[in-house]
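So the sequences go chain by chain: S and D. The first sequence lines up with residues 147 to 462 when you count with the working numbering. The second sequence lines up with residues 147 to 462 when you count with the working numbering.
Derived from the structure by calculation, the hints contain no laboratory data. We put the CB at the ideal spot given by N, CA and C, even for glycine. There could be a bad hint or two in this list.
Across the chosen pairs, the derived CB separations fall in these ranges [to be verified]:
id, chain 1, residue 1, chain 2, residue 2, range
1, S, 431, D, 418, 34 to 40 Å
2, D, 186, S, 169, 49 to 55 Å
3, D, 431, S, 358, 36 to 42 Å
Where chain S lies over chain D, by a calculated footprint (3+ residues, C-beta under 8 Å) [claimed, not checked]:
id, stretch
4, 239-251
5, 364-375
6, 432-439
Number of protein chains: 2
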Amino acid sequence: MKYCIGIDLGGTTVKFGVFTYDGVLIQKKEIPTRKECGRDVIFDDIAAAVRKIVQENSLDLNNCLIGMGIAGPVEDTGRVEVSVNLGMSAYYPGIELSRLLDNIPVYVLNDANAAALGEMWKGGGRGHKNMILITLGTGVGSGVIIDGSVIHGTHGLGGEIGHIWVNPDEPDLCQCGGRGCLDQIASATGIVKYADRFLSRSDQFSTIRGIKNLSAKDVIDAAKSGDYLAMYTVNYCMEFLGKAIADITYVIDPEIILIGGGISKAGDFIREIIYDHYKNYPKIKKTLAPIELAQLGGDAGIYGAAFFARESSTSV
Amino acid sequence: MKYCIGIDLGGTTVKFGVFTYDGVLIQKKEIPTRKECGRDVIFDDIAAAVRKIVQENSLDLNNCLIGMGIAGPVEDTGRVEVSVNLGMSAYYPGIELSRLLDNIPVYVLNDANAAALGEMWKGGGRGHKNMILITLGTGVGSGVIIDGSVIHGTHGLGGEIGHIWVNPDEPDLCQCGGRGCLDQIASATGIVKYADRFLSRSDQFSTIRGIKNLSAKDVIDAAKSGDYLAMYTVNYCMEFLGKAIADITYVIDPEIILIGGGISKAGDFIREIIYDHYKNYPKIKKTLAPIELAQLGGDAGIYGAAFFARESSTSV
Numbered sequence: 147m148k149y150c151i152g153i154d155l156g157g158t159t160v161k162f163g164v165f166t167y168d169g170v171l172i173q174k175k176e177i178p179t180r181k182e183c184g185r186d187v188i189f190d191d192i193a194a195a196v197r198k199i200v201q202e203n204s205l206d207l208n209n210c211l212i213g214m215g216i217a218g219p220v221e222d223t224g225r226v227e228v229s230v231n232l233g234m235s236a237y238y239p240g241i242e243l244s245r246l247l248d249n250i251p252v253y254v255l256n257d258a259n260a261a262a263l264g265e266m267w268k269g270g271g272r273g274h275k276n277m278i279l280i281t282l283g284t285g286v287g288s289g290v291i292i293d294g295s296v297i298h299g300t301h302g303l304g305g306e307i308g309h310i311w312v313n314p315d316e317p318d319l320c321q322c323g324g325r326g327c328l329d330q331i332a333s334a335t336g337i338v339k340y341a342d343r344f345l346s347r348s349d350q351f352s353t354i355r356g357i358k359n360l361s362a363k364d365v366i367d368a369a370k371s372g373d374y375l376a377m378y379t380v381n382y383c384m385e386f387l388g389k390a391i392a393d394i395t396y397v398i399d400p401e402i403i404l405i406g407g408g409i410s411k412a413g414d415f416i417r418e419i420i421y422d423h424y425k426n427y428p429k430i431k432k433t434l435a436p437i438e439l440a441q442l443g444g445d446a447g448i449y450g451a452a453f454f455a456r457e458s459s460t461s462v
Numbered sequence: 147m148k149y150c151i152g153i154d155l156g157g158t159t160v161k162f163g164v165f166t167y168d169g170v171l172i173q174k175k176e177i178p179t180r181k182e183c184g185r186d187v188i189f190d191d192i193a194a195a196v197r198k199i200v201q202e203n204s205l206d207l208n209n210c211l212i213g214m215g216i217a218g219p220v221e222d223t224g225r226v227e228v229s230v231n232l233g234m235s236a237y238y239p240g241i242e243l244s245r246l247l248d249n250i251p252v253y254v255l256n257d258a259n260a261a262a263l264g265e266m267w268k269g270g271g272r273g274h275k276n277m278i279l280i281t282l283g284t285g286v287g288s289g290v291i292i293d294g295s296v297i298h299g300t301h302g303l304g305g306e307i308g309h310i311w312v313n314p315d316e317p318d319l320c321q322c323g324g325r326g327c328l329d330q331i332a333s334a335t336g337i338v339k340y341a342d343r344f345l346s347r348s349d350q351f352s353t354i355r356g357i358k359n360l361s362a363k364d365v366i367d368a369a370k371s372g373d374y375l376a377m378y379t380v381n382y383c384m385e386f387l388g389k390a391i392a393d394i395t396y397v398i399d400p401e402i403i404l405i406g407g408g409i410s411k412a413g414d415f416i417r418e419i420i421y422d423h424y425k426n427y428p429k430i431k432k433t434l435a436p437i438e439l440a441q442l443g444g445d446a447g448i449y450g451a452a453f454f455a456r457e458s459s460t461s462v
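This is chain S alone, in the form it adopts within the complex (with noise of 0.2 Å):
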């Protein structure tokens, strides 16, 4: 039988995770990412893991198939022009990994796109086949599944969400060189910048108020406990969020939609304030599909790259 080898490379960790051919879950591992160090040094640490993730569960690597989520769009050929998070840009991360590997096929996905099929596959989205997974973090990404394959895009830009432009009143610029980007709004950075901007432009009593090194889940807390001007901050963003969906939904009607990242940690308070802001406007109501947590949290990844390996090998 095959084995399934997840990897999920970040700016700041390399998650590994093995898994049967079915998707247990056998070993998870952690290396950092030194990127001070260079990509050369990166890809020889993630092959030295993988040598070591092998040997420890008495595998054989021809018997192993191999996929890895990385920032970035990554093009159809492989080629990922830039990585922001990683500073590395014009490479080819499948190429260089199998090399080391000898030679295996190690096929190489978005990380955004790698969670959304680690969340269908054994996550929140278990059962579905066409669905998005959004995910709220540093900023707002997603992964949409059509038919039980993720939307790469020609560009690699599938899902790319982030940059749908919803704020017209934004004085800031995004990091894409537009302003007024869904990721400046409805990600943990928009959410603390749009407290901070509310603070400051009033005086009213704030249990937020004051707090050093502010952060999403600060705001969000204070929402939950009904402080008035955090709950203000986090209706604010997620309005345009939720009408992101309605357009995201008109164009792919998915079965189901899941939110991730560190924003879905608020649970069903967010996912609530999410979904009501959502249904005012499809006013075709049957094309409103539920709105779910995401399962997998920071293992979504993982999971995600192993079932894309599987599914792009032809050999079982």
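On the provided structure of chain S, position chain D as indicated by the hints.
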């Protein structure tokens, strides 16, 4: 060799096309949709026309793959809850027609989705597997194709972009019950309505002032000839479409966007206006897909229905 028969069941006429398996159009036919006589008569008419076509071309009905595009959302089960244009509701068009045709399978899909498949097969989308056809007619419709398959959607609403909410300033109600849908502004109906509004709000000279039963063609022709108010109207309406296209491309990242429907008869003039608006939105310029004109006109539906039958059938 199998033959494909594509049927396009519209509110005014039913169109038929007989194709070789490879998509060469052998015969085209059209009959009126006798809406006033009710559903049974319409389906009897269609079945009789199919039998006549089969006979005229010396085909064997059992050797034909039959597809039918139909107005309204087609659910997974083949059920159509409502076809407003046809005055039909809660019916199974595929089963009804099949019953009248010796029970050979009839593959049914939404008409906008059929048109998109047709354009991919033999029209402006040839050579592409990831595209969207946007139809600007009485309303705004679309068909979204990912990896060669059209997105029907969970509730048959895939590609229903006409009801994306774009204009908070819209005073009138949309058919869907909303206000400010793309349908109300970027369609032929929308162009005429906005031209009327802009005319009534100013005294400025315009060649379209006073035209009885003003049409979208009148407005676009005047815009082409340099009429300021007409050009202002077309620009105003198409900017909303450009923004919507940008949002859509961040979800599905297509290879190409096709513009079809009555308004697309204005050719490169309208295509360039749409593209000029669209290209202002995404700041990640790599994501920009070319906008081209659809090529099959009113025949896209029969091509696409035939193609859909071909793809849905497993027997060759």
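Against which earlier hints does the structure fall short, listed by number upward?
Violated: hints 4 and 5.
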